[in-house]
Amino acid sequence: MIELKGINKKFEDIAALTDVSGEIREGSVFGLIGTNGAGKSTCLRLISGVLRPDTGEVLVDGRNVYRDEQIRRELFFISDDPYYFPNAAPRDMMRYYAAYYEEYDRRRFSELLEKFGLDENRRIHTFSKGMKKQLFVILGICANTKYLLCDETFDGLDPVMRQAVKSIFAAEMINRDFTPVIASHNLRELEDICDHVGLLHRGGMLLSREVEELKSNLHKIQCAVSEEEKERLLAALEVVKMEQRGSLLTLTVRGDEQKIREIIRQVQPVFAELIPLTLEEIFVSETEVAGYDIKDLLF
Amino acid sequence: MTSKISYSKLIRQSVRQRAWYCACMALVLFIFLPITAMLRFSGDVTALSAAQVTDTVTALENMKANYRAFLAGGYSLTALAVGAGALLAAWSGLSYLHSSRKLDMLHSLPVKKETIFFAETWASLLLFAVPYAVNLLLANIVGAVRGIYEPDMAGVSLTAFAVHLVFFLAIYFFGAVAMILTGKLLAGILGSLTLLGFLPGLALLLQQLPFLFFTTYCQMPPAASAAADIAKYLSPAYGLGACCARAGRIGIGDGGEYWNRILAVQCREPILLAAAAGIAMGVLSWRLVKIRPSEGAGRALVFGRTEGAFKLALLPVLGLFGGLFFRGLVRENDSQQDAWFWFGIVFALILFSVVIELIYHFDRKRLLDHKLCTGLAALVTVGIGAWFQMDLGGFGTFLPDTSRVESMAVSCSSWGGLVMTENGETPAQSYLEEYGMMESFDPIYKLAQTGVETVRTGVPEDADTEYVTVIYRMQNGQTKHRQYCLPVTALQEAEEQLYEQEPYRNVIFPILTQDLENVRISEVYDPSVTVDLSQMSREECVKLTEAYQEELASMSYQQLQEPVLAILRFEDLDGLWIGEGAPINRFFVNTLEVLKERGYEPDASLNNIRITGITVECYRENTAEMEAVDDAAVFSADTPEEIEAVRKDLVWDEYGWLLAFRGQFEPDIYAYVEGINEQGESVNVSCRYPIGKIPELVKEFYGLSE
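These protein sequence lines are chains A and B, in that order.
First residue of the first sequence? That's 0 in numbering that gives the first Met the number 0, and the numbers climb one at a time after it.
First residue of the second sequence? That's 0 in numbering that gives the first Met the number 0, and the numbers climb one at a time after it.
These are calculated hints, taken from the structure and not from any lab test.
Be aware that one or more of the hints could be misleading.
Listed next, the stretches of chain A that the computed footprint assigns to chain B, with coverage defined by at least 3 CB atoms under 8 Å from CB atoms of chain B [stated by the list, open to error]:
id: 1; segment: 42-56
id: 2; segment: 74-85
id: 3; segment: 153-167
Just so you know, even glycine gets a beta-carbon here, dropped at the ideal spot from N, CA and C.
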């Protein structure tokens with residue numbers, strides 16, 4: 000488990016993270032989301048031991064990741080702009096990493112490269128941006144570390160590749176103790192990969208929840224009811240957000256789906272429909288509840 | 000555990016990534032070692048052929064000595080390659096500290112930061128040492144193939160290799176500290192050069208300021224060379240240069256004890272200090288790399304607090320150098336020199352303050368940052384500048400009360416190398432302090448008073464002057480040196496009184512203080528002949544020296560002013576001159592007797608010379624002629640008539656430094672006589688004309704009769 004305990008980090012006079020605490024449990028795909036400048040990269044650098052927190056500490060499996068370099072064997076960090084040696088080919092980078100990660104799986108590296116259609120002898124600088132990202136995901140997976148930290152790694156991957164990576168993650172999670180942590184500003188790209196998300200905003204962690212929990216507990220209803228029934232309906236539901244256009248009422252409500260359906264049925268609306276919420280909508284709602292107007296901030 | 004495995008792997012990875020550095024060093028050292036060895040050998044052979052040298056054994060020995068000096072690192076470009084290679088290794092090997100992309104990768108790996116740093120250091124050492132060793136071996140092979148190789152040369156090469164590695168590491172760690180403290184390559188490069196050059200620069204500044212501003216400041220040797228002497232102890236780069244120069248010089252005609260001699264003479268301290276500085280910087284690097292934040296990459300200085308400190312340290316030095324630079328652009332003694340000095344200070348302070356901020360932030364809105372440090376630096380600069388330029392400490396007018404002075408010594412600039420004891424390398428002051436301190440110092444104190452007066456009022460423009468060094472030994476044990484420009488008349492007045500005191504005679508005649516057993520006599524000479532006395536037996540030598548010492552010690556001031564008949568040249572057992580030359584006049588009866596026993600009778604007249612030409616130079620009208628005497632402007636007597644007319648009153652000019660002689664000869668007119676002596680040898684004699692005895696021909700030539 001990765002634990003962030005009261006992390007503060009400043010760069011000169013700019014506070015990048017302010018009192019961030021949270022946990023990343025094993026066995027889930029953790030999505031770290033937030034706007035540009037929210038502190039996602041800083042957070043991942045802190046978790047990977049690159050940066051030292053000004054105050055607080057980052058523990059990986061109970062050990063301080065900055066001070067204890069041995070625990071970093073359990074981590075592989077793919078930065079948003081990963082470095083590769085000039086004129087290096089994928090195989091050179093694999094050899095380099097294999098020198099530090101004793102469990103490095105060279106055979107799987109070759110298999111995955113083949114699967115992704117990447118030539119292990121071709122110079123990396125001739126790769127496209129997407130190909131480089133694929134390469135570093137493969138390099139990271141083959142390090143066989145417990146945690147794989149990906150900073151904006153999925154941004155720019157085409158849907159097919161994203162799906163392929165997702166399936167590799169799934170396979171790794173089945174086969175071994177593997178926890179990917181993916182930072183991105185793009186909720187839509189994370190929606191189908193992550194099963195746990197944390198939202199960073201202005202250097203602070205707004206929330207950290209299971210995606211399923213978020214989805215099962217929050218619902219969107221569109222209905223047309225009379226004014227009398229509307230009052231009854233609003234009183235019966237735990238409304239998070241309400242919009243009305245003419246007689247069409249759009250509600251975001253918290254609660255069990257069956258119970259919500261029963262309440263709607265009781266007020267006998269002219270028209271009623273439960274619409275699935277996207278992750279983005281869930282976050283907009285949740286953050287608004289938390290007092291943040293992030294509509295304009297999230298894409 | 001990963002440590003050991005990863006460490007060697009890290010080195011291997013670094014070596015693999017920096018193969019280009021190894022290739023560059025291999026190429027450079029290939030040119031500077033085996034290729035240069037071949038070229039030098041060819042050059043030596045060509046020179047010998049051209050000179051038609053017949054003594055091939057000596058020529059071969061000289062070539063071997065040259066080659067030995069070359070292998071020992073006496074070739075300046077090899078030293079340059081070591082220094083530049085070390086800096087390049089630091090800059091390239093630690094450039095990862097300036098890239099957040101690289102740091103993201105390296106610092107997230109399961110290894111300590113300091114392990115990465117030391118792996119890079121080892122890799123740098125390997126990448127330099129391997130091509131160096133290979134090329135040094137090739138250079139040795141060149142010598143062996145050419146037949147100028149000696150068995151000791153392998154040891155010389157290995158020692159040079161080891162010494163160069165010490166300097167390499169020392170310079171490398173200076174560069175490393177700079178790279179760790181900075182987050183941009185340009186800042187790292189400038190920082191490395193600053194760390195290596197700051198203390199020598201400061202030393203130069205502290206030597207130059209009093210030298211330029213204090214009129215009574217006395218310094219031997221000159222400021223620049225004194226600073227260079229100190230610099231080799233303050234920076235490994237300068238130490239490397241000094242050792243290289245020394246190795247190159249000492250190689251001539253030496254054998255297996257080569258390095259022992261080098262170390263004994265001048266290189267031991269720079270090498271030891273470089274090693275100590277290298278260790279200190281290595282430890283500092285290790286500590287700094289541990290605490291260096293990764294986010295420092297991209298900033299000029301990683302630790303923000305050091306920005307002000309560096310600026311505060313650099314600005315005064317740069318400001319004062321700026322002042323000296325502008326002052327130096329103005330002609331010597333120009334009244335505007337001081338104004339330009341202050342302009343230079345202000346200009347340099349503003350310029351470098353802005354440049355430093357630009358390097359720090361590269362943001363025009365922040366060009367005026369660190370106001371407090373800048374203000375402090377400006378205050379310090381102005382304070383130091385004023386201290387020297389306005390002589391706020393009263394250095395020039397220093398004249399302690401006689402009750403505070405224990406003893407004093409004096410030395411006159413016209414004595415030249417009279418009191419130099421070690422081949423010109425020991426300043427006169429050392430000798431004066433040991434042998435010349437007088438407890439009855441009234442005449443010297445009066446000279447000092449006159450000197451201080453001339454500082455305040457200036458020396459009369461038409462006065463004949465001399466520079467005089469005065470040493471005060473204070474009651475509290477301190478020693479103060481001052482140099483005054485005094486009228487010769489004042490000095491002449493003091494000379495007779497001073498001569499009565501033994502310490503003064505010891506100063507002007509260093510032979511008086513020498514132990515008889517440590518003295519050799521190399522020669523005795525007069526205008527027409529030089530007799531070699533180096534083959535004298537020990538007994539004869541002691542006898543002659545003893546006779547001379549006794550007679551010289553009892554010589555009165557008036558007797559000393561008698562015309563000189565001959566000069567004896569004394570040496571110590573290492574062959575270094577003891578004083579300039581010891582005069583013999585007619586009162587040295589016993590000395591002349593001993594010389595006569597050896598078959599030598601001096602003759603100071605020019606009668607024994609068949610004169611073939613006399614050249615008379617005149618520097619009287621304007622001093623510019625002294626700097627550019629060309630043949631057309633010099634009087635030359637070539638015909639017998641002219642020679643006869645010009646030689647008539649000529650007096651041998653040897654030993655004219657005694658102040659009593661001043662005024663006896665025509666000033667600024669010097670004659671040089673060329674001829675053949677009775678043995679058929681060519682002789683050149685330097686002569687002067689007594690007052691009022693300038694020949695008409697010379698007067699006419701120089702227009703002196705008008």
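Results of checking the hints against the structure:
Given a C-beta distance limit of less than 8 Å, the hint that chain B covers the segment 42-56 of chain A holds, as 6 residues qualify and 3 suffice. Coverage of a stretch by a chain is defined here by at least three residues with a beta carbon nearer than 8 Å to that chain's beta carbons; for the segment 74-85 of chain A and chain B the count is 8, and the condition holds. Check result for the segment 153-167 of chain A against chain B: violated, 0 residues qualifying (beta carbon to beta carbon below 8 Å, three or more required).
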